Amino acid sequence: MNPNDQYFQQQQQQPGYGAPQLGQNYGGMMPPPPRTPVMVNQPQQFPPANGPQNMNPYGQPSPRPPMTQYGHSPLPPQAANPNQLAQQMGGMNLGTFPSRPPMASNLLASPMPPQSLAPGIAPPRPGLMPPMQQQQQQMRHVSPQQYPNGPGMDNMGHPVNGQQFNSPRPPTGGGFLPTQTAGFPGHPPMPFQQAPLQQHQQQSHLPPTQQQQGGYDSMGSRYPSSPNYPPGMSGPMPGPPSQPMPPQQQARRLDPDQMPSAIQVMEDDKRTRSGPFATNQKGLVPPLVTTPYLTQDQGNSGPRFVRSSMYSVPALPDMMKQTAVPFGLVICPFAQLEEGEQAPPVVDMGELGPVRCGRCKAYMCPFMQFIDGGRRFQCPFCKATTEVPAEYFQHLDHTGMRMDKYQRPELCLGSYEFVGTKDYCRNNVFPKPPAYIFVLDVSYNNVKSGLVHLLCQNIKSILQHLPRESVGGQSGTSRVGFITYSKEVHFYNIKASLAQPQMMVVGDVEDMFMPLLDGFLCDPVESEHIIDQLMVQIPTMFADSRETETILGPAIKAGLEALKAADCVGKLLVFHSSLPIAEAPGRLKSRDERKLLGTDKEKTVLSPQTTFYNQIGQECAGFGCRVDLFVANNAFVDLATIGQVARLTGGQVYKYTYFQADLDGERLVEDVRRNVEQTVAFDSIMRVRTSTGVRPVDFYGHFFMSNTTDVETAGIDSDQAMTIEIKHDDKLTDEDGVYIQVALLFTSPGGQRRLRIHNLALSVCTQMADLYRSCDLDTVMNLLMKQSVTKLTESTPKQIRDSLINRSAQVLACYRKNCASPSSPGQLILPECMKLLPLYINCLLNCDALSGGSDMSIDDRTFNMFAVQTMHVGASLAYLYPRLVPLLDASAPASPSDQDDVVLPSPVRCTGDKLRDDGVYVLDNGIHMFLWIGLSVSPEWIHGVFGTNSAAQIDIDRTKLIELDNPRSQQVRSVITQLRSTRQRHMRLTLVRPRDKLEFVFRKFLVEDKHGDASSSYVDFLCHLHKEIRNLLN
Amino acid sequence: MATFQEYIQQNEDRDGVRFSWNVWPSSRLEATRLVVNLACLYTPLKEKPDLPAITYDPVMCTRGNCKAILNPLCQVDYRGKLWLCNFCFQRNPFPPQYAGISELNTPAELHPQFSTIEYTLTRSQTLPPIFLLVVDTCVDEDELMTLKESLQMSLSLLPPNALIGLITFGKMVQVHELGCDGIAKSYVFRGTKDFSAKQVQDMLGLGKVGGAGGGGNIPPGQMGQPGMPGMPGQPGPGMPPGSVGPMGGPMGARGPGGQSVLPPSRFLQPVHKCDMYLTDLLGELQRDPWPVPQGKRPLRSTGSALSIAVGLLECTFPNTGARVMLFAGGACSQGPGMVLNDDLKQPIRSHHDIDKDNAKFMKKAMKHYEALASRACTNGHAIDIYACALDQTGLLEMKSCCNTTGGHLVMGDSFGSSLFKQTFQRVFAKDARNEYKMAFNALMEVKTSRELKVCGTIGPCISMNVKGPNVSETELGIGGTSQWKFCALGTNTTPAVFFEVVNQHGAPIPQGGRGHIQFITQYQHSSGQKRVRVTTIARNWADAVTNLPNITAGFDQEAAAVLMARLAAFRADSDEGPDVLRWLDRMLIRLCQKFGGYSKDDPNSFNIAENFSLYPQFMFHLRRSQFLQVFNNSPDETTFYRHMLNREDLTQALIMVQPILYSYSFHGPPEPVLLDSSSIQPDRILLMDTFFQIVIYHGETIAQWRAAGYQNLPEYENFKQLLQAPVDDAQDILTSRFPMPRYIDTEHGGSQARFLLSKVNPSQTHNNMFTYGGDGGAPVLTDDVSLQVFMEHLKKLAVSSTA
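Top to bottom, those sequences are chains A and B. The first sequence finishes on residue 1034 if you use full-length UniProt numbering, and the numbering steps up by one all the way, no holes. The second sequence finishes on residue 803 if you use full-length UniProt numbering, and the numbering steps up by one all the way, no holes.
Among these hints, one or two may not hold up.
[What the hints assert, rightly or not] From the derived model, a few chain A residues whose C-beta atoms are all more than 12 Å from chain B:
hint, residue
1, 369
2, 487
3, 490
4, 499
5, 512
6, 533
7, 905
[Unchecked claim] Derived coverage of chain A by chain B (criterion: at least 3 residues anywhere in the stretch with Cβ under 8 Å from a Cβ of chain B; other residues may be distant):
hint, stretch
8, 553 to 564
9, 656 to 670
Calculated directly from the structure, the hints in this document are not laboratory data. None of the values given here were measured: they were computed from a predicted structure. No residue lacks a Cβ here, since even glycine has one placed at the ideal position from N, Cα and C.
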């Protein structure tokens, strides 16, 4: 314990951080520091820097403690290697992939090790052990070989370094087996090359291979060529001489259960890495997004805010290029925190404003090095030194740390906020609280569908969710305003002093303007009675509307003008119904040519048909007006064009096809409520600063960039993430590491101008294996997905698919070549961190956003593309690999009162094989939610949940489960509620039974399976990818 | 017949017509030598309580290009059931319903006393009048308050079935929808844009909403596009082009189905239905809320608002009587029709600026309002302007709105002044028969016998561009047509009509021949009825060579003076002031030369007939009047004065030219006195009526007495009465006149005495006050010549052989 730690602990007991205490604590040691206006808005405790198992890195007496700290990796050197999973797929014959299209690869005999056979495919060969026994036997047999080092080896499937390794890990010793067997039943030990690289080199691959071969040999004969296999192909293939595999094995089918399982990986991670995650080191690989963890901010931002695709960056650009692993960040600046996590504290520096580097303007952060007795500090991003402002001066202690390090969030935390001074405000004027404007299409479609009525009915409850933030003693209330439109735009005066609301119609759609000065934006509490009246009036007034030609551009312009007139930023919630074909700016043509989807020409319908909505979007973005589109259409609306407004202003797009108030009403209201509630930052500008050697190049998400560095969003909510690709263009040194600072200037809902800062330090590696060990595959996929979707409007789907496949092949091939021990080229060796890459790439290739074909409408496709763009890692993962939860197995609560803590059943692999006819499953991907009801489900259950006697009688048009007062029903509903609560959107529940029309749609989301001709199953794809890898290796 | 004086009076009473010459010279040459044009002042809707109610259609001459109406001056062949048209000499059979006609049983239109007669066309559609209020909200709080009160009050004065609408404007223009429950609905327009009728229609949603708008309700073939901005010359919709008698044939064909009942639009509702709502709406009306920066004027979109008002009526009620009533509290400062910009540093244009061509917005603004006026005229809608502000409001630019549509122009200082309040009430005044004194959408046609042609009119009307055989090439006033449209017509609206004698010198007119003129005025009565008033007059021809005294005797100097005043004012609108004055002088000299008796070059020998004697004096005052002298008047005032001159009847117009001065003293009963500085005596109270102002002037002594409070002493009751007498008389004038004059009570030495001093003949000035021996009167500090000097010069010039 160094004195500072002690001091800090004392501090923690103090109720606040006032100067007197400072003096007290320093008592006698040194003069009290000059008083700087430190204010921590949120009374909070900084995470104790001295965890039980390690010292506070910043408490080191060394002048550059982080370096020392990072220099001594707690890992034993060899531990660097075992953390990769080398998975072999022995016996793959190169010749099996001559020039075969990927789709056909399921025909290939997969050279998998002995498998459990699906009954009925082929009888077990007489004289052989039943598969299960065989497998077990092999397991037992192989174990000692596989893990020669015994339990001491940290070897299984965990790319993390750091203290996690200190804890007993499942992979070690016997712990490994159950995990593996659960994930890969029938998997031979061999495919997992758990040994470190050195071991790979030392260790002979022969035994396992031989063993496998033995297995294959016996298996091979058991699998005659399947009937649909072209005879020519089933024959022996000429393979490379080195290939030890007998060619006749090809005809076998691979068991999908033996493929690396996403569920397994998540489960493992959950088991090993749940709990607190302290961000006290650079380059610390965080737990998976699916793992429940609690971030303890100890100098780096939590992974909820910033996730990097790699936590150990290659020192040389060359290596980066070679490995082809994408380097990027997913930034979710206002991510929702788990209970128990600390929100970034707000630091008010008063008139002084945030302390910044004189050259690159980086904000004060824990990475800054104070030198010259504390008079100057050096910026880790640009290396410049800056004079410490007199008000901010503080003496350094004997370790070179500022004495007030733990009093100041900006010196000891990764995430915190500064209060901005006037200089940080638009026109140097402190902003007013942002306003919310509801812009409602009241044309025939919306009236008929019941949307107008529904919304007016619910507006009161929605308004109660408006964020309220009190700033400086006065409560900052968000004001609201209402606009309706069909062919003209209607503004409403809802001033509290009026006897009845006033409606102002502006028919001049060519040149929209704001017709009233005050009374448009009002405090919803003060004007409650007027708003109530208005909400009664609107549905009646437009009840007989026959207007089917609508406008949209002028309505958005109207909202913008309203905000301009009120001189405040804010957001528009636009409820739109149909293609804007009325004669007005922004008029669109119908171009519903869905047959183009999936072809090379699809980009013509996926890109906007006019630039109008881009222009107005930019205009809105420039003023700080976020636009959220709620589209309730029953025909083509050209979302690709109108959605640009939302994209450029940081807004979200919601789509309710064939909206009917009784079916979709709840969903819409919930979405609106959440949208209103979640939006936390307005008129924001984000800049990502990096240390030299790397720099952000590409930005993905919903925002507008007027230059190449500043990401402007008119409003950003806690669900939205921005993905940034980082380019590595200069040599990095290990001592320095890679520093990233995300600074986001915004206006809070209470009208305070603040800066949110996220800092992240990554380590630098010189070994490729280090890179592969510290990757975050979910982040990689997020980046790849957004990149691919962005490319859709400029290149052809085929190019995108090819480049994805090539890239993943390159990543894996590079690993195979450089990190895995030499082994038969027929073996597929996957790095542990990326063993799901083939699965996820296949999911990506088949997801709606990327490959939605003519079976979906252009609008739906566009909607998916928009939705993808703002996803954070958790959402993108769910989108790629939907969650399939068996319901019938859910542990029934003992009594209805327990239903709050219903434990979510564990998900199962997303494949049709897992669906049992007597089971009920919920599948969701963040956008859709299906409830699949097997035909043999017990009638009692059906009756309990649906109130009907058999599955066939269930009304599947309903989108809501009826509320029945029995434990089953309550349990099912509470599970669904719980599942929904984990997603950004209120998902519509679709009931599906086998052989229903909709089952086809449902099946599409079983991503490990093959659907139609254009996609491949997971297994097929894995084989195809293997072939590609081998091509690369050769 | 007695004197010409009585004849003229009788004619005016019966027909509302005053001719400059009552005996007409029989040849073109002679006519031009008479100096004063052959012209008349005609009051089409002169109040005539004795008019019979005739509810059948008039009988018209069957000749296609004549279509004159049967009148008492026609020769009738009772046996043959024929009548001879006195204009084209066509023999016309009587229609079947006149079968019972005989010498003893004649229809009213053949009775000599009904040379003016009014028909009510029962078959025509009746529609209530429409009032569209256009209210400026860029005014002070208290101004707006009183204006709102006036407007609310006016709701009770309107016919209950009249349609009413409300537009308010400031920086924006708001068209209020009336009669919606639970929510106050209005349509807002940017004040900086000009909107076509089509745009207004679209933006107000009048295009296709269940035919609620007027657009599609006019049967095809009857007229062009109702919303089409009409050319002033085009016959208005509903008025078949070229048809002389819109009643009869074409009108009969139209029948009841011609113009279907237009359902009231959302913006124009019957008063009885929406008066509560409108009262509340007006009550809640707020000042224009947009902030006005320091040193700036409020942005006022008068031009846009008017344009929208015109457009709204155009697409809802084309060709129906309607009034747009604009209440302006200042000048239009943005958008189309802007008169000045919003920078207070730049004052509104003055006459000086206009002379120097410095009024940079003027031309464009005038063009805008002229276009609006012509659109309004095409559809038969009148525009009233009630401008109340201390500064100018741009009446000069907006004048065409009132001048061509026949709308009122009222200029005041404040909406709170009684001048505005009373005047506005008087707009809705009723006559003895409890009918509104206003008529709408009137068309006046002039027919003449073939020796005459019509040159034009000067009055609040617009040309219909109907060329006929009797339309003269020479244009005087609004010429080139024989039909004029008055979108609004009052009982004293009096256009001047100018004629030309075309009979050649060599073609004698038979002895006893008479010239005939027929005025046919069809209009929409305030009850909605379509009415036609026909006035037929005849005058004798005389050969000016042989019978000059005859003609001379028929001279009406009052009519002549007013006609000259109108011509002069009309010229002054386009010409430079001095040119007009020179022209006026020249005409006067020529008249004196022609009709005076004198020996050449001997001024003292000059004498002139009695019925010419006042004419030079009229001209003297006309020269000094505000109609021709712009000094000390703003362009708006000039516009207002000329506007009134052009529409009032002879008596009123003459007062404007030469104010009347009454004297009240202990020396005798009240008497008219000379409008001369010598009339200003210390022991007199003077009452001057200039039409625009009523000035009560207390002479020096009287003022001292009054200041001493003698009137309050019982023994000086007579003094009190003396003080009261002019006040009572003034009150009589005030209550009857429209617009209400400015009432000024002043005394010797009072600052307001300038109103009197500027009008009286400056017979005593600071230059000559001592030469006359100081026999009373008040000197006027002016360099203007006095009447005496003027007359001397006139005589000199008249008798001069060289002039």
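Status of each hint after checking the structure:
| no. | hint | verdict |
| --- | --- | --- |
| 1 | 369 | holds, 52 Å |
| 2 | 487 | violated, 8 Å |
| 3 | 490 | violated, 8 Å |
| 4 | 499 | violated, 8 Å |
| 5 | 512 | violated, 9 Å |
| 6 | 533 | violated, 7 Å |
| 7 | 905 | holds, 52 Å |
| 8 | 553 to 564 | violated (count 0) |
| 9 | 656 to 670 | violated (count 0) |
The structure does not agree with the numbered hints 2, 3, 4, 5, 6, 8, 9 stated previously, though it agrees with the rest.
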